[in-house]
Amino acid sequence: MIETEALRNQFQRQFEALGGHVFYASNSERLPVVLASAYQAMVDRYLPDGPLQVVYWLNLDLSVLDLEGILGGIRGTQCICWPQGSRQHAVQEKWRDLLAESQVGITGAAWAAADTGSVALYSSPSTGLLPSLLMPIHIILLNQKRIQPSVSDGLKKLYQESETQGRMPPLVKLITGPSMTADIEGQLVIGVHGPTAIGVVVYE
Amino acid sequence: MAGQLPIDSRPWPVRRDQALQDKTMQQTIQFVTRRVANAKVAAYTAYPEGERLRQRAVGVKRRSVENMEEHLAVFAQQVEAHGGQVHRAKTAADAIRTVLEVAKNHGVQRVIKTKSMVTEELELNRAFESVGIAVRETDLGEYIIQLAHEKPSHILAPAAHKNRAQIEALFDQDAAAYHTEPPASDDILALTQYARRRLREEFLAADMGVTGGNFLVAETGTLVLITNEGNADMVTTLPPILVSVVGVEKIVADWPGLTEVIQQPALSGVGQRLSSYTTMVSGTRGTDQWEGPDEWHVVLLDNGRTLLKDTPFEDVLSCIRCGACLNVCPVFRQVGGHAYGSVYPGPIGIVETPLLTNFEVLPELPSVLCTLCHACGEACPMDIDLPGHIVQLRKIKRDRHMDAAGVTRSYRWWARFWATPHGYRRSIRWARWGQRWFVRHGRIQSAPGLAGGWFNTRDMPPVASPTFHEWWERTRGKGHRS
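Residue numbers (the numbering used here), protein chains in the order written: chain A, -11 to 192; chain B, 73 to 554.
Okay, chain A solo, but in the shape it has when bound:
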């Protein structure tokens, strides 16, 4: 479809202009290969040394993706699935440490906006924000069907979903580029608190 392709291109242009990286898998069979090379390129560039631990969750359409199998061969990467369902406080504490010690977060996305180059994540029992928060590298797997023309369209979608759900997710986060600051002498620096490097793998 020409329209989705135009949206994908616009999203890519915006996201790259912000300093993000975009990779593209033209069909689901190609996704493992594209993801592996995207992952390899990003860790080699931003974290050339040291062990690699990935914390991840995926959207339902990718539940069969074997991340361990895809990434395990790259510098001995360990993959840990972000837990689902209810939890106890003590467990959360442990998870927080684990997340703080990991190098890469891989997540799905709720939607993306082409006009601003944004990606939206929700906190929900099966999707979370922590893997996008503490690690130096964040990679997002984005089904191109989720790309909305504009951030207003995305927010409208969030609103409609919340009407069916009966409530807004307690936390929603729109990511529009890597963590950055210009607080020292007005000079732009990438990677203050959040990820230094952010990549999106768009798949069909």
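Where hints are given, some of them may not hold.
Partial list, computed: chain A residues near chain B (C-beta under 10 Å) [stated by the list, open to error]:
no. : residue
1   : Leu117
2   : Leu121
3   : Leu143
4   : Tyr147
5   : Ser150
6   : Pro157
7   : Val160
8   : Leu162
9   : Met168
10  : Ala170
11  : Gly182
Now the in silico label distances, taken between C-beta atoms and shown as ranges [claimed, not checked]:
no. : chain 1 : residue 1 : chain 2 : residue 2 : range
12  : B       : Ala220    : A       : Pro113    : 41 to 49 Å
13  : B       : Lys176    : A       : Leu86     : 26 to 34 Å
14  : A       : Glu89     : B       : Gly460    : 50 to 58 Å
15  : B       : Thr529    : A       : Glu89     : 54 to 62 Å
16  : A       : Leu176    : B       : Glu173    : 53 to 61 Å
Hints in this document: simulated from the structure, not taken from any laboratory. Just so it is clear, the structure is predicted and the values come from calculations on it, not from any experiment. Note that CB positions come from ideal geometry on N, CA and C, so glycine has one too.
Chain A is fixed; fit chain B onto it per the hints.
Frame of chain A; chain B shown alone:
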């Protein structure tokens, strides 16, 4: 009820002279303001929809403020329906009391904060420290000025007055105090990496997070926070208790309204279509959720804001704190934020500081820190009539007899002359006669009486002989009349 704002109580000439002598501040503030002002222009140029969005956003803010009370009631209802608690604070003191009570009830020891002008307005950090609670600012600029025990010099870039050498010295001291490795150099990247490493420990150890808020959505009970660093995500996701202190004027009626305004702070503030992170909180963590606060308190702060409702100054409540008026103001570019003596500097500070406090503090602002060049009026994305308000504030001061008697008399005398062409010409003839005692090296360098102050920091060319008017009268003026 008038609000309370913390001020620098030193008189204006002291604050002014200090600013004019601080070359480091002048250099960095001029660089930062120019860079951001240019980025804003470039962003609008590259984004054709931007101007239409901006106009719609103005409408949303104006309408939301009109029925503020109604929307605030809906907001409170929604937040409470989703596990949060809403507190109304009439004054700064009320807000501080509420926040400290929440902290005390949970035995909180460590607080992490996002950047928030409202908490600057409350001097909340000092309040925490006075009861023995450690508080850490996590926005890089705020962290720097917290270490320096200073106040923000710019609404958006709090440490815009400091250079890297000064910041390295602060970080070295901090590293020594916390027994950790100091920054590798005064390179800006190295300094930022130091802050990332140091603040990471604080994020993970904190038991309460405190945020401000860019927007509140009544319909859904949502708080919206905008940052580029990602610190608001840490503060809202990690600690079990979250307190958000937000001015009542941040309310937006409904979700469609939010979609109209959400891009404005970044577009006009830093020239991005959206900031790197937009964080929305709509309640506490559900029982089946892993993330989000266990407890969420929203403190809605008035502190003089509703005084502005239904007055000619109501549009001031549309301010989104983007800093665009500061970045284009020629006075701000020279003296920086500290010279204003208020937490809110620049044109918006000139207007808001006397209005929020009913002229109780810093009443000199509208008179001495504005040249009426109207740059702020053009830059304001919310169409706030800043230059018009500054003129009105001067008028109110005169009506309330707040100016020194000598000043009022001089202006009245001056106005009497310049109100007619005849009076103007006469004053010029007198000035030409009188200036001979004050001209040095071809410029007027001083003047008698009150006018003398004007020449403290500048000079002016002498009255010409003949003046343009006289020349015109003698040559072409005559020709046309015949």
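So, against the hints stated earlier in the document, which numbers end up violated here?
16
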